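Asker: Kindly generate the complete structure, drawing on both the sequences and the hints.
There are 2 protein chains.
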Amino acid sequence: MLAHPDIDLVVELIGGIEPAKTFVLEAIANGKHVVTANKALLARHGNEIFAAAHAKGVMVAFEAAVAGGIPIIKALREGLTANRIEWIAGIINGTSNFILSEMRARGASFATVLTEAQAHGYAEADPTYDIEGVDAAHKLTIMSAIAFGVPMQFAKAYTEGISRLAQEDIRYAEELGYRIKLLGITRRAATGIELRVHPTLIPARRLIANVEGVMNAVLVKGDAVGPTLYYGAGAGAEPTASAVIADLVDVTRMHTADPEHRVPHLAFQPDQLTDVPILPIGDVVTSYYLRMRVDDRPGVLADITRILADRDISIEAMIQKEPPEGQDRTDIILLTHRTLERNVVDAIAKIEALPTVRDTIVRIRMEELN
Amino acid sequence: MLAHPDIDLVVELIGGIEPAKTFVLEAIANGKHVVTANKALLARHGNEIFAAAHAKGVMVAFEAAVAGGIPIIKALREGLTANRIEWIAGIINGTSNFILSEMRARGASFATVLTEAQAHGYAEADPTYDIEGVDAAHKLTIMSAIAFGVPMQFAKAYTEGISRLAQEDIRYAEELGYRIKLLGITRRAATGIELRVHPTLIPARRLIANVEGVMNAVLVKGDAVGPTLYYGAGAGAEPTASAVIADLVDVTRMHTADPEHRVPHLAFQPDQLTDVPILPIGDVVTSYYLRMRVDDRPGVLADITRILADRDISIEAMIQKEPPEGQDRTDIILLTHRTLERNVVDAIAKIEALPTVRDTIVRIRMEELN
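Residue numbers (this note's numbering), protein chains in the order written: chain A, 1153 to 1522; chain B, 1153 to 1522.
Hints in this document: simulated from the structure, not taken from any laboratory. It cannot be assumed that every hint is accurate.
Repeated chains share a single entry, so a pair holds when one copy, or any two copies, can fit it.
[As the list claims (entries may be wrong)] Quick list of in silico lysine to any residue cross-link-like pairs, SDA-like style, CA-CA up to 20 Å:
1. K1173 with E1468
2. K1373 with N1362
3. K1373 with G1344
4. K1308 with M1470
5. K1173 with A1469
6. K1373 with A1393
7. K1473 with D1483
8. K1308 with V1437
Predicted model, so just to flag it, every value in this text is computed and none were measured.
Answerer: Structure representation (structure tokens):
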């Protein structure tokens, strides 16, 4: 197939890196167009693959690689082409969104819901890629390259999953008017590109906060259109097939056109890619939810707020619970204003060292998405 | 401009029918491509315009004509090309969605909110097209033609606006778990195509029920992808410009391609258009919210339910309020299961003729959108 002269186009739906990578590169080398749903392959080896395709003048189409049922690649590359993209925030892993939805709706623990999801086939036997954010980071890496004209840099993505998320944080978030979602976020900041996947508090009134179950949604902020949202099934045989067929039609329409007139693989021509760096997570500026267990004693809050103030971290909201009957420890929940992650990490270490603070501090990032 | 041989493409942003129609047809006759944001022109004269463009081998691009900031035309024509579209339901008029959002949030009357909206420039001095559903019907006509491969038939669209919507119906809907939105709905039914704009009760938990203010959203149900939703700004200078520029890029990419390889204007080639009829509103099957004011007297409900049962209209939910202190009349609110509109109209006439029923009956259509 990869060599036969009668074959113009190869569809790769094997998944994984090898032998998919060898097959795709060989098809390209033989002058064949490629349609693929392989997000891992593109996120990790996309630069090599697209360079080869560009040199050969063939197309590599990959709508099915990101949020299958949602034509988000087309929207980003073509529909929003007039926009300077400011940021993208997406629920792009159905398994983890299903688990979070069930945890919130039923008050069940992560472990309980995961076990059920595995029994029902919503989660794989080895769920690591889904629940630890790796799958979302693959998709985010691809969208980031399209949005900002940077090479694919999956290795520099920050990835934190939902496996350590506690039920009480979902409840406290709710009390404060927020939902917790596993978001993939990429943003053009002043000094670089943010590329991060992690549990995130978002205002409950945002449309994307109300995306439940295995559904996916991608929120794109363009400078001209403002916020736009794209919602649909992220996986499954039929939604994936829908995206593959749309790619087949696109490639067929464009294959007689001069390669210079086709939509570039990553929206930008290879010689226009920028070398803006991916920011280390410590350099990211965002807001934070902090939960700490403290002794119910005078001066505790003063010590904590002093440590925060010394690092220019200002507090947006706070809940201090009364200690449960017969206990002398209580929870303090703080929401901070936007601040540098590095400063928060430093403050957390200092607060954890206080003799009145018990356990480790829970830290969840927070985004207003407006 | 329309005749100059150096000009390849004309952008029409005049709005209205004339002189836009003459200009567009003349540009096409002279072999020029056209980019337009003119929904009224396309909904009313699209068949003539697209036939002329097809005969001349030029493109007419119109992403800006429907929900400016949302690349919905591209999603329908290209992204979902592998799908048989089952239905589309859209919030596609920002002014009326703003008014409904304010009425619900503040408990204000239609007239109050409209006056404020006019003062703030959100509604025009003559708001008829927006609040009576005409603007939404223009956009719906265009989407329907793309989704189902039928000619544009704006004249056959059923159009009912929000100007008679009462505050109490918004409150009763809320009590029953629904929101009222002005929806444009087009559906492929067994005997024809539904094409209708009217206030609609939709379950409050649906994402589209939570689209507030001037924002637009289009829910598209495809047989392969299932439900997908597209959300963004529907109007405004920058979102419209974003769509116009995307069209310019598209036309520029495709203009060297053989016309047979381009995306057809209405997704279907002209010789594939079907002559499936647009259904008269009486032939539409949907559910209904009925509010009636009745004397608080034995037998009233028996008479009403008998009239409904005789016409095979079954009841899904009912609220009967206690009469307010010192009054002997009360409100009955009924939600029906899916039934033929003609039967409901007939039942309403019979119920209104009962001596125990006061005032006219309020009837609002209802859609589950699943």
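Asker: Between copies, within a copy, both or neither: which fits K1373 and N1362 at Cα up to 20 Å?
Answerer: Answer is both; intra-copy 18 Å and inter-copy 19 Å each pass.
Asker: When no copy is named, should K1173 and E1468 be tagged within, between, both, or neither for a Cα gap of at most 20 Å?
Answerer: neither (48 Å within a copy, 56 Å between copies)
Asker: Treating 20 Å as the Cα threshold, decide for K1473 and D1483: within, between, both or neither.
Answerer: Result: close within a single copy only, 6 Å intra versus 45 Å inter.
Asker: Could you figure out if K1373 and G1344 sit no more than 20 Å apart (CA to CA) within one copy, between two copies, both or neither?
Answerer: Within one copy only: 17 Å inside a chain, 39 Å across chains, cut-off 20 Å.
Asker: One pair to classify: K1308 and M1470, alpha carbons no more than 20 Å apart. Within, between, both, or neither?
Answerer: neither (33 Å within a copy, 57 Å between copies)
Asker: Regarding K1173 and A1469, is the shortest C-alpha distance of 20 Å or less found within a copy, between copies, in both, or in neither?
Answerer: Intra 49 Å, inter 57 Å, cutoff 20 Å: neither.
Asker: Between K1308 and V1437, at a C-alpha cutoff of 20 Å, which is it: within one copy, between copies, both, or neither?
Answerer: within (17 Å within a copy, 54 Å between copies)
Asker: Checking K1373 and A1393: alpha-carbon separation at most 20 Å within a copy, between copies, both or neither?
Answerer: between (28 Å within a copy, 16 Å between copies)
Against the hints set out earlier in the document, violations occur for numbers 1, 4 and 5.
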